[in-house]
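Given chain H, work out where chain S should sit, using these hints.
Listed below are the residues making up each chain.
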Amino acid sequence: MSALAGIRICDFTGQLAGAGATKWLASFGAEVIRIEDPVRQGRWDILRGLDPFVDDRRGIDMGGGFNNHNTDKRGITLNLRTDKGKELLAELVKRSDVVTENFAAGVLESWGFGYERLKELKRDIIYVSNCGFGHRGPYNRFKTWGPIVQAVSGLTFASGLPDQPPAGWGYSYMDHTGGYYMAMAILLALIHRKRTGEGQWVDLACTDAALTLHGPALLDWTVNGRSARGPGKPNSNRNQWPVMSPHGIYPCSGDDEWVAIACRDDADWRKFAAVVDLPWCRDAQYASLDGRAADQDRLDEFVGAWTRERSKFDVQSALRDARVPVAAVLRPQERIDVDPSTGDFGLWPTVTHTKMGRVRVDGQPVHFSRTDWKIERGAPCLSEHTEEVLTSLLGLSRDDVAALRAEGAI
Amino acid sequence: MSVLNGMRVLELSNERIAFAGKLLGDMGADVVLIEPPGGDPARSYPPFLDDQPGEDRSLYWWHYNTSKRGVVLDLDDARDRERFVALVRSADVLLEAESPQRLKSLGLDYDTLKTLKPDLIHVAVTPFGCNDPKSALPATDLTVLAGGGPVWSCGYDDHSLPPVRGGGNQAYHLASHFAVMSTLTAILYRLDSGEGQFIDVSMHAAANVTTEAASYGWLVAKQTVQRQTGRHAAVGPSSETQTLCDDGRYVNTGVPPRTPTEFARQYAWLKELDLVDAFPEAVFLEMGANWEGPFDLSQIGRDDTITAVFGAGREALKVLAGTLSAYDFFVGCQQRGLPVGVIYAPDEAYEDPHFKARGFQVELTHDDLGRTFRYPGAPYQLPASPWQLSRRAPKLGEHDDEIFGGG
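Listed in order, the protein sequences are those of chains H and S.
Each number in the working numbering comes from the position in the first sequence (counting from 1) with 75 added on.
Each number in the working numbering comes from the position in the second sequence (counting from 1) with 7 added on.
Just chain H, with the same shape it has in the complex:
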């Protein structure tokens, strides 16, 4: 049994910020129908043709990221420049529960499918739009992608070391997380509709969602007037709320190998000191958290000198045995193919893609006892399900579909 069986999504999303949201819904059994532009061959979603690739083949059906984010969705093409294409979309909206998109603000409306029109087509439709700055507000015409959202919302700034430029996030953390908020918004709106019969438009802005991820820092500003900007700030490998010490990412033997260690309190410190057992561990100043916190730069040097002589896995295992919070900084290969905890969790399901064949993808980091997720089918090739959807859902004949194709409507 699927948790979301019977829910149909008319899905214009792409990239990751949108596609990630409908991937969650599809993996729990919602019927997600992805609509793409036949003229531009779906290239609005640039991931369609971007690396990584499974082999030497290239093209709009071969993008590895696209496959990862669009599992278990069906894909159709509609040419919304044509009246016929618009009619087909209208019919599809009438049969859908949710319309989703993450275009720049105003794009769907410019095609004649703004919220008012969607509501005319389906009284209780749920429309969730997701763009960087939202549809309202002075920056609603500004363009973003993940790194821009992260810059403007404080996430980039809050990740870094003292006397260095911002390190930021080495990927689009807010494309993932914007997708999570979009999924929550869709689910919330579905629950509301089930309880009241009412639809609505959720104007999601990725930057709003991102700014909520700094709560304590924002209250430190609004209540105490303290900015996160200042000399020596930030140092995000340390912990200020609460203070922990030592707390950092330390070098290990080998090339670019690191280990993270966090002593939460004096009890952790005593366990750590017992493992390391060097003269500096017995420094009276270090017996208390305040003492360690007051001398963190020097303490970090001591810790780093100790870790540098050891492999990250040796440090991890010694400190784990002592029950001190520790983690080797894992490379992709190590956490996917070596660390058994991800494979044992079933985190990397293999899907079947029509052209790529069998490919491993990101799974969901949860398991439901009754209605667990399933990720089985690869992303749709361009227009792969146009005929299937138009005949089964809209009741067209194969000849109708052939005629529509001939006139360039699909």
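Below, simulated DSS-like cross-link-like pairs (lysine-lysine); rule was C-alpha separation at most 30 angstroms, straight line:
(1) K346/H - K141/S
(2) K218/H - K363/S
(3) K218/H - K325/S
(4) K121/S - K449/H
(5) K197/H - K269/H
(6) K449/H - K141/S
(7) K111/S - K449/H
(8) K308/H - K325/S
(9) K124/S - K269/H
Worth flagging that the hints you see were computed from the coordinates, not collected in a lab.
Remember, predicted model here, so these are calculated numbers, not experimental data.
Same frame as chain H, now just chain S:
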């Protein structure tokens, strides 16, 4: 009336899931936060009101526990366990992050609870999932992000510097996001079927699937990305994207100009600011502005003129940034169609006119202090069923009488 009005969520207090409880409470759920005697340790986390530590002064606590009521229960005590069981009978969702064997040893695991409340949705958040013995080991935000993948991708071009943990408790937020997505999915199913279930959320797994191409680059093509300063980790080095502006703030310069229109706007902007003479490559921008036909980016590095025009566009961004404040550079570029971002501290973003206009600054009154404070606003706005901070964070045991009837 908000979405989750009338639904009760029990939260066994734990910093890893506090944000999940807040997200559900802010959407109308009756979240009952259950703390042990003495209270949750996060009550003593800085920062503090007026920088003075003390009871109910932790701003950390304030933030993560809005829209919740609070009770104290000692689950090691038989009478309190009975009270807990009574609460479970009245609840729709149990949200907890206990060590995996803890509830079982108390006779309060899902198998027992479902006999008392068959349609309960029980969400358990653990470091590695409830069946992995490593979930009993201590873990923090740092260790989850380091072992789970995000840290590998974040940091600097200079690999003698350590990789960096992204700031702001993001491992806890990740766990909470998946806990909430799971809860809402299970609620929808329950509304149809009447059935509850147990949900196992792994923090380590959540981090692993929130690393973009670091994971799928390996899964698809066995590629390993390498961290770079302020931009995407990549298999091979890419061009820098951060530039220092005249006011000492950085900007992310995003994608440089690539079309004749963009070159023309950039050239005009240089002229406006009287910078053309100081920038000899401006002549290439002018060529780009007057380009006939498509500007073929695939010829960068092959065709000398195309390479020079593209390079001039990139360099011009630096020249402009060096002359302008980060904010003026950001707005100026965006008004000219270039996706650029000012790198704000969180508090600077909070005061930005755009976020203000969207209503992100929300006030909440602390009746006990007789003061009103500005809080962060909604992550999403559902006009028919609004997000709302319905109450300040609870004091320890504040709602014991209200919830247990004074008994």
